[in-house]
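Spelled out from the first residue to the last, the chains are:
Protein chains: 2
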Amino acid sequence: MGGDKGPLITIPAAIKAVEYLPHLNLILCGDQDVITKHLETHNSASHPQLSIFHCSESVSMDEKPAIALRTKKDSSMRKMLDLVSDGQADACVSAGNTGALFATAHFVLKTIPGVERPALISALPTNEDGRNVFMLDLGANVFCDASVLYQFAIMGAVLAEEVDGISNPRVALLNMGEEDIKGSDHIKLTGNLLKESQVVNYVGFVEGNDILTNKADVIVCDGFVGNVALKTCEGVARMLFKKLQLFLSKHVFARIVGKLLAPSIKKLFKSLNPDQYNGASLIGLRGIVVKSHGNANENAFFAAIMEAVKEVERQVPEKIQEKLEQSV
Amino acid sequence: MGGDKGPLITIPAAIKAVEYLPHLNLILCGDQDVITKHLETHNSASHPQLSIFHCSESVSMDEKPAIALRTKKDSSMRKMLDLVSDGQADACVSAGNTGALFATAHFVLKTIPGVERPALISALPTNEDGRNVFMLDLGANVFCDASVLYQFAIMGAVLAEEVDGISNPRVALLNMGEEDIKGSDHIKLTGNLLKESQVVNYVGFVEGNDILTNKADVIVCDGFVGNVALKTCEGVARMLFKKLQLFLSKHVFARIVGKLLAPSIKKLFKSLNPDQYNGASLIGLRGIVVKSHGNANENAFFAAIMEAVKEVERQVPEKIQEKLEQSV
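From first to last, the protein sequence lines stand for chains L and Z. Our numbering applies: residue 3 is where the first sequence begins, and numbers increase by one. Our numbering applies: residue 3 is where the second sequence begins, and numbers increase by one.
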């Protein structure tokens with residue numbers, strides 16, 4: 003039910019996903035009548051891989067997380083997480099209210115034994131074609147101390163290895179300088195912990211200008227800093243895209259070419275908004291939760307479902323637990 | 003002497019500046035022989051507006067700030083700041099070692115009475131042509147508490163008003179969400195202080211994706227967050243520029259146009275690297291200090307000199323002191 007456009011996006015994406023993967027079964031949580039109507043629109047009301055789990059409520063996009071958690075016990079978001087917690091679903095995907103999803107997922111699923119805090123992680127493209135960088139935390143936590151950041155390094159490395167198949171992923175800490183003496187005390191402390199780690203391939207500090215230069219496969223930071231950095235990426239890409247469009251429309255030589263190239267250029271710039279093309283994952287929990295962007299389109303929500311499938315196949319929570327146990 | 007290319011850049015920029023402004027006098031601090039040689043190259047060895055202040059040392063780009071401060075007492079950087087402190091110069095401009103400049107400037111010039119911490123501030127372009135946004139702190143301080151951030155709001159507003167002529171500038175706090183309940187405690191506390199302020203036109207929180215959308219004239223944040231955000235802007239702009247170049251070179255239709263447009267596109271993207279086209283200022287000190295990017299070219303260093311001239315003409319330190327006194 004969630005996201006800016008709700009079932010208008012999520013239902014066709016779900017249909018596309020089950021048609022793409024014959025072994026995939028999706029449980030659609032939400033208002034039965036609304037879902038049925040949308041399924042009928044796509045001639046899929048009795049699709050054998052799709053079932054409906056009726057929920058009488060839904061969490062609105064501007065609802066306060068604590069209120070949603072306390073009062074919306076029959077919401078599609080809560081029920082979706084309950085299904086994962088009860089083992090009736092292997093993973094869940096939502097485009098709904100981010101804060102409410104974090105709070106409810108944390109409460110319902112609980113963290114993996116030994117994990118202090120869950121983290122929001124996503125893959126961003128780099129200047130090296132086909133290479134992504136996994137960045138965490140992107141906003142699940144405001145401030146993280148050194149032991150939490152150290153765990154994030156391990157969790158991020160597991161995701162990079164399992165989801166993108168990067169062996170021995172290079173892990174870096176986001177800092178305001180590359181030298182050892184720079185940055186905040188908890189970042190320096192985390193750097194020291196990582197240097198001594200036997201399970202993490204730590205490559206040192208990176209600065210904001212090197213997030214996308216393929217210097218690392220995993221970049222670790224506080225949720226506050228990560229959220230600002232990710233959204234700054236989006237903002238810069240959007241501004242440059244608009245300026246470029248204006249620029250192309252103003253120059254006689256470029257106008258025709260600009261029109262021919264507009265779709266490709268748009269795609270190029272959109273790649274900088276990772277939530278548009280795949281989901282972010284809330285990791286460190288005893289269950290798989292993928293968060294799709296609120297304004298995701300059908301393809302983006304489809305990609306988020308595929309991300310969840312991949313994490314199920316690769317058993318990401320189990321791998322995180324194993325790696326954490328090795329690190330102690 | 004500072005910056006990646008030293009006098010090769012700074013001397014021609016200085017000559018350009020005094021030729022542009024007949025009332026400007028520049029004191030060139032550094033090795034007399036080297037400076038003279040470079041002036042001779044440009045037929046300006048006896049330029050009436052240029053004088054040389056010989057210094058036997060210089061601070062290297064990778065020298066540790068504390069070492070530079072303690073041991074390089076006859077460095078061009080130290081002497082430049084001494085001249086400002088003694089009233090022999092109205093302002094100073096350096097492309098040298100950033101950390102050493104901060105430490106030495108703070109030590110030599112001291113803060114304006116009442117100012118807790120100096121801040122590094124710079125103007126970034128927005129999607130609205132001709133409108134800049136002033137962002138601080140960009141890395142002079144790692145962490146800033148609410149009272150420091152509150153002062154940064156006042157100092158930033160003074161700079162936006164005096165340097166860019168924006169009356170009653172809109173001041174925002176960089177946060178990980180726009181809602182009041184989001185973000186770290188010190189940011190929320192700063193928000194409350196600013197809401198009650200009589201001297202600041204506070205417009206609330208902005209997120210990373212709105213840094214460049216002209217929602218605010220001044221954006222206040224910790225040095226750590228600001229440094230990451232600024233460098234992320236640079237990194238994204240650089241990556242997109244490279245991808246666009248590659249893209250234009252690959253498409254037959256675009257290749258010719260791409261070549262014709264390359265300089266303009268480059269300029270468009272470079273505008274996202276503020277240090278390339280003007281200087282960042284270290285404000286809150288009893289004197290004007292402009293920091294030019296280490297790899298600034300002649301035009302960028304010239305722009306940094308002009309920035310310093312403007313701050314002298316607009317009496318920025320005095321205005322900051324006045325505004326702070328009003329706010330108490």
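What the hints contain is simulated information worked out from the structure, not anything from laboratory work. Among the hints, erroneous ones may be present.
As the list claims (entries may be wrong) - Below, a list of computed lysine to any residue pairs in the SDA-like style, where the Cα atoms sit at most 20 angstroms apart:
1) K184/Z to A68/L
2) K321/Z to F145/Z
3) K184/L to K245/Z
4) K245/L to K245/Z
These are the hints, each one checked on the structure:
1. A C-alpha spacing of about 12 angstroms is found between K184/Z and A68/L, which places the hinted pair at or below 20 angstroms, so the restraint holds.
2. Between K321/Z and F145/Z the alpha-carbon distance is near 25 angstroms, which puts this suggested pair outside the 20 angstroms criterion.
3. Simply put, K184/L and K245/Z have alpha-carbon atoms about 31 angstroms apart, too far for the 20 angstroms limit, and the pair is violated.
4. Note on K245/L and K245/Z: the hinted pairing holds, with a Cα-Cα distance of about 16 angstroms set against a maximum of 20 angstroms.
Hint compliance for this structure: hints 2 and 3 are broken, all remaining hints hold.
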